[in-house]
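Participant: Residue strings, one per chain:
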Amino acid sequence: MEHHLVLRVVSKLIIPPILLFGLYVQFHGDHGAGGGFQAGVIIAVAFILYGLVFGIPRLLRVLPWRFIRASMAAGVLLYAGTGAASMLMGADYLDYAPFGATPVEGQHLGILLVELGVGITVASVMLAIFIAFAARLPSQIKDEEW
Amino acid sequence: MTDHIALPLSILIPLIIGLFVHMFGDRPNQRDAVSLIGGIVTFIMVGWLLPEVMAGARPSASLFEMLPNVSLAFRVEPLGLMFALIASGLWVLTTLYAIGYMRANGETDQTRFYLFFAIAISSAIGIAFSANLLTLFIFYEALTLSTYPLVAHKGTDEARKGARTYLVILLGTSICFLLPAIIWTYGATGTLDFEPGGIVRGHLPPAFAPLLLALFAFGIGKAALMPFHRWLPAAMVAPTPVSALLHAVAVVKAGVFTMLKVGVYIFGTDYLAETGASVWLVWLAGFTILAASIIAMTKDDLKARLAYSTVSQLSYVTLGMALAVQSGVMGGAMQIAMHALGKITLFMCAGGIYVATHKTKVSELDGLGRRMPFTFAAFAIGALSIIGIPPTGGAWSKFYLMLATLDAHQQVLLIVLMASSLLNVIYLLSIPARAFFLPEAGTALRGFGTLKEAPLLCVLPPCLTAIGTIVLFFHADRIYWLIALIPTAGGHF
Amino acid sequence: MIMTLIDLALILALLATAVMMIRLRNLFAMVMLAGVFSLLSASLFVALDAVDVAFTEAAVGGGISTVLMLGALALTARHEAPIRRNQLVPLGVTIATGAALLYGTADLPLFGDPAAPVHTHVAPYYLATAPKEIGIDNFVTAILASYRGFDTLGETMVVFTAGVAVLFLLRSARRSRGEVSGPRDDAPDARSGKV
Amino acid sequence: MADLIRSIAGHYNYWMFVILMMTGLFIVVSRGNLIKKIAGLNIFQTSVFLFYISMGKVTGGTAPVNTGRAGEVYSNPLPHVLILTAIVVGIATTAVGLALAVRIKESYGSIEEDVIEDMHRTERPA
Amino acid sequence: MIAGATAGFIAKHLPVLVVLVPLMAAPACLITGNRHATWAIATLASWTSFALTVALFIRVAGQGPLSYSLGGWAAPFGIEYRADALNAFILPLIAGIASFALPYARGSIGRDVEPRQQNLFYSALLLCLAGLLGVTITGDVFNIFVFLEISSLASYVLVAAGGGRDRRAFKAAFDYLIMGTIGASFFVIGIGFLYMATGTLNIADLAHRLATAPADRTVRMAYGFILVGIGLKLAMMPLHQWLPNAYSYAPPAVTAFLAATATKVSLYVLIRFLYTVFGLDDPFEAQTLKLLVMPLGIIGIFAASTVAIFQNDIRRMFAWSSIAQAGYMLTGIALMTPQGLAASLVNIVNHGLTKGALFMAVGMLTLATGTSRLSDLRGIGRTMPWTMAAILAGGLGLIGVPLTAGFISKWALVSAALDAGQWWLAGAVLLSSLLALGYVWRIVETACFGKADETRVIEPVPLAMVIPAWGLLAVSLYAGVQPALIMEGANAAARSLLPHLTGVGG
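Residue numbers (this note's numbering), protein chains in the order written: chain A, 1 to 146; chain F, 1001 to 1493; chain Z, 2001 to 2195; chain W, 3001 to 3126; chain S, 4001 to 4506.
So that you can see chain A by itself, here it is in the shape it has in the complex (with noise of 0.2 Å):
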């Protein structure tokens, strides 16, 4: 695909905005439809999108392997790591009532922080699951790359 100049350009046209859409999708999910795995499937689609034109090595030098699987255990820990916070601070296990002055308040970051956890999570396991797809199609990248 990388003689396909139209596509490459749109693809650059276009890839910021799903960007930013996923984005928006995930820190607006308290108001309207949407939320975490909504996001990270968009930004996933974003990068998969980014891999399909200009192939997986350049996208896999945007975003090294390292980070991608860095992030697949992180989104789940900041989850986890959110339970866990509430715990030290002396509440169940996910109550998110201590995190802010009042219980409301500690509701919104607490949401926030674990919607982001989600977010991290899904994207990263999505892409990864779509570069573990395409790197084993012949004459695409080779196992030391990633």
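Just so you know, these hints were derived from the structure itself, not from any lab.
What you are looking at is a predicted structure, and each value in this text was computed from that prediction instead of being measured.
No residue lacks a Cβ here, since even glycine has one placed at the ideal position from N, Cα and C.
Hints should not be assumed to be uniformly reliable.
To be verified - Label-pair ranges, simulated between beta-carbon atoms:
1. Z:R2085 <-> A:V62: 41 to 49 Å
2. F:D1301 <-> S:Q4482: 41 to 49 Å
3. Z:T2120 <-> S:A4286: 24 to 32 Å
4. S:D4216 <-> W:T3067: 57 to 65 Å
5. S:Q4482 <-> F:E1274: 57 to 65 Å
6. S:D4216 <-> F:E1274: 39 to 47 Å
7. S:I4058 <-> A:W65: 13 to 21 Å
8. S:N4312 <-> F:S1430: 43 to 51 Å
9. F:W1283 <-> S:A4286: 41 to 49 Å
As the list claims (entries may be wrong) - The following residues of chain Z were derived to be distant from chain S, with all beta-carbon distances above 12 Å:
10. L2008
11. A2029
12. G2062
13. L2073
14. E2080
Dock chains F, Z, W and S against chain A, hints included.
Facilitator: Structure of chains F, Z, W and S alone, referenced to chain A:
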């Protein structure tokens, strides 16, 4: 916990011996010596308990509780002590004999043989000293499993097939009948202890008593009650020392011993007599006695003939229990001792004949007696004891059993016993008779050639046991005083 | 009424798609239809007031799932082989299950009935208290992230597990050790190094 | 009669979803192509989701996003939450299934169950 | 001071910590990357989790059920973790088996998984463990589904890990995935029906609401679908097709772990639904159990044992034996008496221990000889007497020979059947032991009396495999001679589910 150190030791020593046997696996002389010494020490340990038990003590030991109210526990009582004495005493002789037999035949895997032999003895003593049904059951199964490698020893297809039959029938009956009987007893009474006078009285409706007894009687497959007797002839594929000890003494006697224990200590003879729960068993035992004798007559294979003879003789003990009178229990207990001695003589002779001539068929033995006079003389004495003719010990047990049939008003059974003795005469005594009085069978011209007696170690033990049967005739009171302590209906007479 | 008609049309379209998917042997076309199926069901979710679900179904079914399916097709096969197996047993199993389900639906509360237990027991609590206790407008998010936040942790763990699983399967060497094509005896040679 | 019609009208969409489910299930159990099986599984699961969501619907209700208007009727949000989770589980399963299919293809050269079973039969003589 | 605070913290959050420890260790494994460090984390996590489950068991035994509100939201609005006599009894088994399986895996996994993939393997094993623990302890039916799927997804890939050596593992894992997902979907449908009937997802609340309302078709269908769905996961005959292949081709450590935990947890879920949620007051539910589940259980025992006898592969043989053993547990459950239930619970634990040890021992055999086919293992008893002794000891447990854990299970089940007046059932259970004798003895005969292959190369078995295998075997043998603890736990659990009656042996 333990009253007498000899009690745990008599069970443990054979196991330790087994360990040593395993360690000395590559040094046959040490290994065999260890086996022999172990047998002697074990016998001494068991014998050590005798005076105390005679004096009325009941040494006991309890390890741990397995179920509420049921522990892995031991308790030495007269019947068990007698069984343990016989098993451990004959182990010494059999080991002696086995050393001669195994070496003469050049058998392989002798270490495995002595190892499992030791485990089997330990299990048999465990059965003898069990304080409750569950402990007994555990050692009963251990005995089955530890003798399996002995039966399958040769590893041929035939041996494996025979061993499979052995295992399936013994484990099958014990799991399918004996185990539910035990569970039922436990469910009904809340205990499994052997108590004088039995434990089921008041817990079991009399109508169910025959059913429970049937589960026990068929569950104790080692007693070889028909129709679950097939394992015994099948087990004859084993080397002869195995047949001698296990299928004349340890295994089969464990069966009828359990039968007596259940009759006396679980049901109680009074209860059996009152409810008539064992009447059917009297007839089944009688049938087994006769049928097995008749089958034995048709067998040309010497060991097979002896095996069916054993099936028949075992049912004497079952009969003694089922008659539910004291003389029956006495006769049964005595039969355990007398038959053990007599039958082991016969088996050892059969093995001696095999070692010397490689002959296994009765019809091939004509005239052999003149070549092997000691072996066949011992055989003849053993046979007399089995038949019950004085001056051999067997006469006493037959006497008490006949008395019991009269006590129980079962005159028909008296006739059965007499008929069986007659059959015994025919199929047992005919063997030494042929050997001594018929012309030599071998090839027409050269007869048996230069054939002589088997090696000393194969001849001496049967001669000793044969003498033992005679000694027991004159000293039967020793056994009598021991087994008279068994608590049965009406106390001592 | 119009809603009902739209519902009906969508459902019929779903059915038609599903039936087409049974029949199609071209797997690329089938995957495309699977995407269509997802988008149709997403529309139906919208009609049933489940906008979040619709969004997710569209993103997953229409997006990720299709991409993965296509990727898998590129690595496996493009056409389904002719069917050799007996179809009657599967048909019987399916019909029996379906019959059981249909039997079970008879006592279900009517569709949309506000008096159904579903709407009267736990749900009203969320609707009544979420604005106060959580302070966000989207009830779905409130329940998802807070009331049943632990389920969502589990859900994230499922995604994570899938990631671990796929990486484990697809990052390992291309061929199994000891595999050769054609008939062979199993196991022992796998370690002997002969192959 | 009116009851019957009401019952039919109130249940027909459940029936439809059941039929859809069974279409998916039929694909799973009747087809030997591994990818097609997974597609069938997806249809099956999506139909289960539809079934769930339709039980959350309240006649006259709106999407469960707080409008702040008093007396507003919302559809039940709980099934939505559950199904969101279930969709995620579904895609996770699909991904793992597809990865397995890829490995099967690589090691057997086929993703047709019939072909694979033939290989097993020759691999392991009775 | 700090120690006291820590103890207080642990005591307060005990139920959730049990699950959290392995759950959080899994991503940590992924980040770490190094296989040795990963193994250490995983092992430490499983041991910690085991210690916590034991503490939880003691706590519940002493103080009664423990409820924990996740997110601070009271049930039924939030998700509840609820430890009672039943699941506190099952939890130590799961974590305990994992504690043995992980050291064992260190010794054996090198044969199946290439070094750089091993952190993923351990991560998956931890996820599977966390999922199983989560399923067991949760008090929310949908949460059961979520954690069941974590453990299932992880177990599919764990089975596929055997593909490094034998490609059939991939197909086995795929079949497992399809069947497992259908099962999970059925389960979700069942939960949906339940939710429609009651409007709640909390187990205690469900039980309460179902007890007060008459069972209608909706509830009955929920019952049916949950039964079938869980039946698929626990390999109830005839829904067992996935199991023999999955257990035969998975790496040994995985087979040992899954055989001892996964199906056991499914059985737990079944018990939980039947006795806590549905309560079995409805004649339809009771009759289904009596007329469908019990016969299926018994058919399963006989059919699967018979099939096992004719297997040439030892692992496959024991896999079929697992299906048969599930039949025993199902019949105990279907007796609908506290004794029957307690017997099943005893069996769950005892069989878990025995089968885990057995599969570990077989794994050692396979590793040393390179084969698990009986026809290639003639006379192996002479070369590997100790391993064969371990297999024999486990095998005797399957037959139910006294002094083994299997004997206690069988004793409990037969007592329960006799108590319930089901003579024929007691007979069938005992008769079926002979079939177990059949397959165990095929191994013994072949191994001990077959003609040994002189050219066979025996590779040394790492100590990392030997110690866990013998350790677990020792535990199972200990459970056979000292069954009091397990029996009391099972009785307490059964009593808590059927409070109006008492359990086995007391």
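Participant: None of the hints should be skipped; say for each whether it holds.
Facilitator: Hints and how they fare:
1. Checked against the hint of 41 to 49 Å, the C-beta distance between R2085 (chain Z) and V62 (chain A) comes to roughly 47 Å, which is consistent with it.
2. For D1301 (chain F) and Q4482 (chain S), the Cβ-Cβ distance of about 48 Å falls inside the hinted range of 41 to 49 Å, so the restraint holds.
3. Our hint of 24 to 32 Å for T2120 (chain Z) and A4286 (chain S) holds, since their Cβ atoms are close to 29 Å apart.
4. The hinted window of 57 to 65 Å between D4216 (chain S) and T3067 (chain W) is violated, with their beta carbons roughly 35 Å apart.
5. Look at Q4482 (chain S) against E1274 (chain F): about 39 Å separates their beta carbons, and that is not inside 57 to 65 Å.
6. Taken as a hint, the range 39 to 47 Å is violated for the pair D4216 (chain S) and E1274 (chain F), whose Cβ atoms sit roughly 58 Å apart.
7. Separation of I4058 (chain S) from W65 (chain A) is about 45 Å and departs from the stated range, judged on CB atoms against 13 to 21 Å.
8. Between N4312 (chain S) and S1430 (chain F) the C-beta distance comes to about 49 Å, which sits within the given range of 43 to 51 Å.
9. The given range of 41 to 49 Å is respected by W1283 (chain F) and A4286 (chain S), whose C-beta atoms sit roughly 45 Å from each other.
10. The Cβ of L2008 (chain Z) lies farther than 12 Å from every Cβ of chain S, with a closest approach of about 22 Å, so its non-interface assignment holds.
11. Chain S leaves A2029 (chain Z) outside its interface by the beta-carbon criterion, the shortest separation being 22 Å against a cut-off of 12 Å.
12. No beta-carbon of chain S is positioned within 12 Å of the beta-carbon of G2062 (chain Z); the least distance is around 21 Å.
13. With a closest Cβ-Cβ approach of about 16 Å to chain S, L2073 (chain Z) is found to remain outside the 12 Å limit, as its non-interface label requires.
14. With a cut of 12 Å on Cβ distances, E2080 (chain Z) stays outside the contact zone with chain S, its closest approach being about 16 Å.
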